[in-house]
Each structure stands twice: as structure tokens, then as C-alpha cells.
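Participant: Protein sequences appear in the order of chains C and B. Its first residue numbered 10, the first sequence is counted upward by one per residue in the working numbering. Its first residue numbered 13, the second sequence is counted upward by one per residue in the working numbering.
What the hints contain is simulated information worked out from the structure, not anything from laboratory work. One or more hints might be untrue.
Which residues of chain B face chain C? A few of them, derived with a C-beta cut under 8 Å, are [stated by the list, open to error]:
hint	residue
1	A88
2	A92
3	M109
4	K174
5	A195
These figures come from a predicted structure and were not determined experimentally. Positions of the beta carbon are idealized from the N, C-alpha and C atoms, including for glycine.
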Amino acid sequence: MSMTKRDWQSITLSAVLLAVAACLPLTGDAYMLSIGITIAMYAVLATSWALFSGPTHYISLATAAFFGLGTYTTAIGIENGLNYWATLPIAAVLGAVLAALVGLATLRLSGVYFVIFTLGLAELVRQVVTWGQNVSGQKGLYVLTDITEVHIYWQLLVLGGIVYLTGWAIGRSRLGFALRIIGDDEEVARHSGINTSRAKILLFMVSGATAAVVGSMLAPRYIYIEPALAFTPMLSFLVVIMALLGGTGRLWGPLVGVIPFTLLWEAISASFPNQTTLLLGLSFLVIVYLLPRGFVGLIESGKRRMREREAFA
Amino acid sequence: MTTGPTVLSLRGATKRFGGLVAVNDMDFDVTEHEVLGLIGPNGSGKSTTLNLISGALKPTEGTISLRGTPISHLSAADIARRGIARTFQLVRLLPSMTVLENVRAGAVFGHRRRWGAEADAHAMRMLALVGLDRRANAHVGELTYIDTKRVELARVLASEPKVLLLDEWLAGLNPTELEEGIALIKRLRDEGRTIILVEHVMDAIRSLCDRCVVMSTGTKIAEGTPEEVLSDPEVIRAYLGDDDA
Ligand SMILES: Nc1ncnc2c1ncn2[C@@H]1O[C@H](COP(=O)(O)OP(=O)(O)O)[C@@H](O)[C@H]1O
Ligand SMILES: [Mg+2]
Numbered sequence: 010m011s012m013t014k015r016d017w018q019s020i021t022l023s024a025v026l027l028a029v030a031a032c033l034p035l036t037g038d039a040y041m042l043s044i045g046i047t048i049a050m051y052a053v054l055a056t057s058w059a060l061f062s063g064p065t066h067y068i069s070l071a072t073a074a075f076f077g078l079g080t081y082t083t084a085i086g087i088e089n090g091l092n093y094w095a096t097l098p099i100a101a102v103l104g105a106v107l108a109a110l111v112g113l114a115t116l117r118l119s120g121v122y123f124v125i126f127t128l129g130l131a132e133l134v135r136q137v138v139t140w141g142q143n144v145s146g147q148k149g150l151y152v153l154t155d156i157t158e159v160h161i162y163w164q165l166l167v168l169g170g171i172v173y174l175t176g177w178a179i180g181r182s183r184l185g186f187a188l189r190i191i192g193d194d195e196e197v198a199r200h201s202g203i204n205t206s207r208a209k210i211l212l213f214m215v216s217g218a219t220a221a222v223v224g225s226m227l228a229p230r231y232i233y234i235e236p237a238l239a240f241t242p243m244l245s246f247l248v249v250i251m252a253l254l255g256g257t258g259r260l261w262g263p264l265v266g267v268i269p270f271t272l273l274w275e276a277i278s279a280s281f282p283n284q285t286t287l288l289l290g291l292s293f294l295v296i297v298y299l300l301p302r303g304f305v306g307l308i309e310s311g312k313r314r315m316r317e318r319e320a321f322a
Numbered sequence: 013m014t015t016g017p018t019v020l021s022l023r024g025a026t027k028r029f030g031g032l033v034a035v036n037d038m039d040f041d042v043t044e045h046e047v048l049g050l051i052g053p054n055g056s057g058k059s060t061t062l063n064l065i066s067g068a069l070k071p072t073e074g075t076i077s078l079r080g081t082p083i084s085h086l087s088a089a090d091i092a093r094r095g096i097a098r099t100f101q102l103v104r105l106l107p108s109m110t111v112l113e114n115v116r117a118g119a120v121f122g123h124r125r126r127w128g129a130e131a132d133a134h135a136m137r138m139l140a141l142v143g144l145d146r147r148a149n150a151h152v153g154e155l156t157y158i159d160t161k162r163v164e165l166a167r168v169l170a171s172e173p174k175v176l177l178l179d180e181w182l183a184g185l186n187p188t189e190l191e192e193g194i195a196l197i198k199r200l201r202d203e204g205r206t207i208i209l210v211e212h213v214m215d216a217i218r219s220l221c222d223r224c225v226v227m228s229t230g231t232k233i234a235e236g237t238p239e240e241v242l243s244d245p246e247v248i249r250a251y252l253g254d255d256d257a
């Protein structure tokens with residue numbers, strides 16, 4: 010299919026926004042940069058999560074497993090003399106392979122089992138890594154590089170750009186159409202000739218590979234990583250909440266949720282450091298009850314109401 | 013009209029649900045360009061037979077072949093790609109999509125696969141065939157009942173199937189709609205399509221079917237022209253013995 014004028018407009022707009030975001034380090038404000046990294050990280054994670062979960066409605070709680078896998082790939086790679094840049098594609102491949110295995114094992118199951126399985130998987134991987142570290146006698150690993158916060162930030166922006174382009178391309182492809190059909194009615198999808206397992210596994214692999222690369226990119230920021238940090242289930246839940254807050258019906262939806270929620274979350278974690286889990290649960294309930302389709306849903310029903318009013322005026 | 017080559021054949025097709033034998037040792041053939049009526053009282057196993065053919069369910073025993081090639085071990089998706097397409101007894105549409113997108117699903121992923129402008133043009137032709145081209149951009153939630161059935165039929169036709177399975181496509185229509193519906197299927201018949209029609213409406217069976225297979229409690233009890241089977245004492249008994257008939 011050829012590109013329409015609107016396609017070019019949205020691509021140009023996205024490129025401009027990305028360029029503006031890339032200028033953030035020029036302010037020289039370390040706190041701003043630190044929040045910028047957190048936002049960029051969650052934006053990439055939530056957008057790639059929604060690539061899979063948006064159309065299929067499968068809720069994955071395995072983000073932490075992929076993220077931690079990437080973090081450890083980079084840490085172990087650097088410890089064994091690999092160049093940092095070489096560890097990123099390795100993490101992507103490992104993330105995709107793990108996603109394919111999980112997908113093969115679970116995507117035939119119904120949604121509920123999938124949620125439980127992915128949560129269990131993340132915990133299992135964390136326990137295995139903890140056990141592995143105990144055997145080797147270390148609690149964690151040092152990730153010593155000359156990569157600065159600014160570099161991490163820019164890397165995340167580039168990855169974000171790649172995820173957007175990928176999501177945009179998938180949305181226009183047969184695969185994207187197949188996923189929308191699967192999300193609407195899997196029985197119809199199968200009877201229309203769609204290999205539903207393959208479509209879901211492919212998208213889950215994209216999502217898993219991306220989360221693993223994000224983990225790799227963040228490893229140098231932590232300097233010292235241990236399983237409890239790299240595989241924290243909190244990460245999986247935050248990604249789900251932010252993506253749902255923004256709305257998964259549009260490619261830009263998760264980003265709209267990530268920015269306000271990260272800022273809010275920064276404030277909350279600073280003021281109530283001991284109640285974060287409780288507040289996380291509360292935010293989840295509030296979002297699901299008040300904004301079931303996220304900001305995207307709110308914006309689109311607002312637009313529809315405007316149109317209707319114009320039509321009647 | 014049993015002159016053409018055999019397109020689909022069932023041999024000993026059986027489906028058990030626990031102790032219940034829903035389809036019992038079914039044998040029949042469908043030849044090219046034939047409209048085969050699959051009739052019988054409610055619960056006699058007609059939908060289950062279609063489910064076995066379309067791959068929604070795997071037969072417990074027996075084989076189903078398309079042009080001599082066994083297909084009963086294949087997934088529903090593979091069977092659809094080989095050219096068997098179906099409607100569902102309870103209409104199934106894609107609720108988040110427009111009429112055109114629903115039909116495009118068949119054009120893009122079915123037996124003959126298209127994409128882009130070609131898929132859209134083909135989907136529009138199918139919508140015109142079922143008389144819905146003017147509602148192409150409507151949301152499926154806005155449609156009347158018969159129009160939802162038309163969309164489903166157009167989606168199925170868009171895949172250019174070799175065999176079309178229609179599960180009570182005429183059920184639930186009011187008298188005017190029924191007339192339109194019968195005319196529509198008649199047009200498909202005149203185009204030379206191969207169709208298995210599960211149906212209760214006697215007028216439709218008489219005017220549309222070349223041949224009928226009659227089922228009762230999972231078993232084939234008669235086979236022949238509509239006149240033959242509808243005057244068969246065993247068929248009459250099966251129908252009269254059932255309250256829903
Ligand atoms: N998935 C299923 N599980 C258990 N029993 C089923 C299932 N599908 C159909 N049946 C049973 O099989 C029998 C035949 O059903 P069906 O094929 O729907 O009949 P028909 O379409 O002729 O009305 C019925 O007794 C029905 O209850
Ligand atoms: Mg039925």
C-alpha cells in the first residue's frame with residue numbers, strides 16, 4: 010500500500026517530537042535527564058507491550074523477565090569481555106527466543122491462564138538467576154562501562170523510534186490485520202485462514218525482544234545489578250498500568266499514559282516510599298474502573314461527540 | 013445432478029462428546045456445483061458435522077477428504093486456506109470493524125489471498141453480490157439482523173471457497189427477508205458454487221437443494237432428492253418425533 014498524506018504527516022510529527030525530546034540533555038539538568046530516561050524506558054516498554062496486548066487482549070506480566078534477561082545478558086557479556094554494543098543484539102535474540110518458547114507453551118491457552126503463566130515465568134526466571142548467583146558465590150554483577158546517562162537516554166529514544174516504525178509497519182501489514190481479527194473473534198480468525206498461534210507468537214517475540222534490549226540499555230545505569238532489581242515484578246505491573254492508562258487502541262496511546270503516570274509515580278514514591286505496592290494496586294483499580302479504554306478512549310469518544318454535535322448543528 | 017467430480021467426501025465421520033455420539037459414522041459425497049441439503053431435527057448433529065468439515069472440531073473417527081486429499085487432521089485455518097469456508101449458526105462478525113473490513117478478512121486470508129486495493133475491490137464486489145455495497149463503511153453494530161448475515165456471507169464468499177458451508181443461514185428471517193435470502197442463495201447456486209446447506213426451511217430445501225442428506229440423532233437416515241427424502245416415512249417419523257421440527 011502506498012503512503013497517504015496523513016501517513017507522512019504523522020511520520021513527520023513523530024520525527025519532530027523525537028528530535029525535541031532528544032534535546033532534553035541540553036538543559037544540563039541531571040534530575041530532568043533522570044526522569045527523561047525513566048519516561049523513555051517506560052514509553053518503549055509500554056508501547057511494545059501494547060503492540061502485542063492491544064489487539065490480542067492478552068495481558069502479559071512477563072515484561073520483567075525479558076527486561077531482566079537483557080540486563081543480565083549485558084552484565085554477563087561485559088564481564089566476559091564482550092563489547093557493550095554486541096550485547097544488545099544478543100539480548101534481542103534471547104528475548105525473542107524466550108518469548109517464542111513462552112508463546113508456544115501458552116498462547117493456545119485462554120487469556121487468564123496466560124496472565125498467570127507470564128507472572129509465574131517472571132518469578133521462575135528470577136529464582137533461577139538468584140540460585141545461579143548463589144552457586145557462583147556472587148550476589149550481583151557489576152556493569153562497568155563508560156556509557157553515561159545521556160547516552161542511555163539517546164539510545165532509548167532511538168529504540169523508541171524503531172518500535173514506533175515497527176508498530177506502524179505491522180499496523181499496515183497482513184500481520185496487523187490478522188491480529189485485529191484475532192482480537193475481535195479468534196474463531197472467525199481461524200476459519201478465515203489465519204494461523205492464529207503464529208501471529209500471536211510473532212508479536213510476542215517483537216515485544217519480548219524489545220523489553221530485553223531496554224534491559225540491556227539500562228544495565229550500565231544501575232552499575233551493580235542483582236535479581237531483585239533486574240527482575241522486579243513491579244516493572245511488569247507498572248508497564249501494564251501505564252499502557253492501559255494511555256490506551257492500547259492506538260500506537261501513541263501508551264505514551265500518553267506513561268508521561269503523566271511516571272511523573273505522578275515519582276512524586277508518590279518520594280512521598281510514600283513504603284506504600285508503593287498499595288498505591289500501585291489502587292491506581293490499577295481506578296484506571297480499570299474509570300478509564301477502561303484509557304486516554305485514547307476518552308479522546309476518541311470526545312472527538313465523536315464533537316462530530317455528532319457538528320452534524321446536528 | 014451427480015455428474016460432476018467429487019469435491020468433498022465423508023467416510024465414517026464420527027464425533028463423540030464423552031458418552032454422547034453427536035455424529036455417528038457419516039458417509040456422504042458432495043460433487044462439484046452441487047447444493048447438498050443437510051437436514052434433520054434439532055440436535056441431530058448437523059452443526060457438529062459442519063464443525064468436523066471446517067476443522068472447528070476434530071473427528072473422533074473417520075476421514076474427510078477434499079478432492080481426494082484427507083483434511084480431517086488439519087487445523088481450521090489450513091482447511092479454510094484449502095478452500096472450505098463457512099458461516100456460523102449464530103452469526104459471528106468482527107465487532108470492532110466496518111462492514112468492508114469484515115469482508116476484507118475473507119479476501120485477505122482465505123483460499124485465494126489478496127492484499128491492498130485488490131482486496132478492497134474484491135470485498136466490495138462481494139458486498140455488491142449480497143446487496144450491501146452501500147453500507148460498506150457502516151459499523152457492524154448498526155446493522156439489521158439480515159444485514160449481519162449478509163456481511164458474514166460476503167466475508168465467506170470473499171475467500172473464493174471451493175466449498176461453502178451455510179449453517180441455518182436463513183433461520184430467524186422474517187417472510188420478506190426470507191424471500192430475499194432464498195433468492196440470494198439461488199444466485200450462488202446458479203453461479204455453480206458447491207454448497208452444503210444446513211436448513212430447516214422446507215421451501216428453501218425444495219427450491220435450492222439438488223440432493224439432501226437427512227440426519228437423526230447423529231446418524232444418516234436418508235439420502236436423495238428433496239422429494240424423495242421428504243416423503244420417506246423414516247424421515248417423517250424423525251421429524252414428527254421431535255418437538256422442535
Ligand atoms: N461442543 C459440544 N460439546 C458437547 N456436546 C455437544 C457439543 N456440540 C454439540 N453437542 C451435542 O451434540 C448434539 C448435536 O448437536 P448439533 O450438531 O448442534 O445439532 P444440530 O445442529 O443438528 O441442531 C446435541 O446433542 C448437542 O447437545
Ligand atoms: Mg445446528
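Participant: Does each hint fit the structure? Answer for all of them.
Facilitator: Going down the list of hints, with the structure as the test:
| no. | hint | verdict |
| --- | --- | --- |
| 1 | A88 | 4 Å, holds |
| 2 | A92 | 4 Å, holds |
| 3 | M109 | 7 Å, holds |
| 4 | K174 | 13 Å, violated |
| 5 | A195 | 26 Å, violated |
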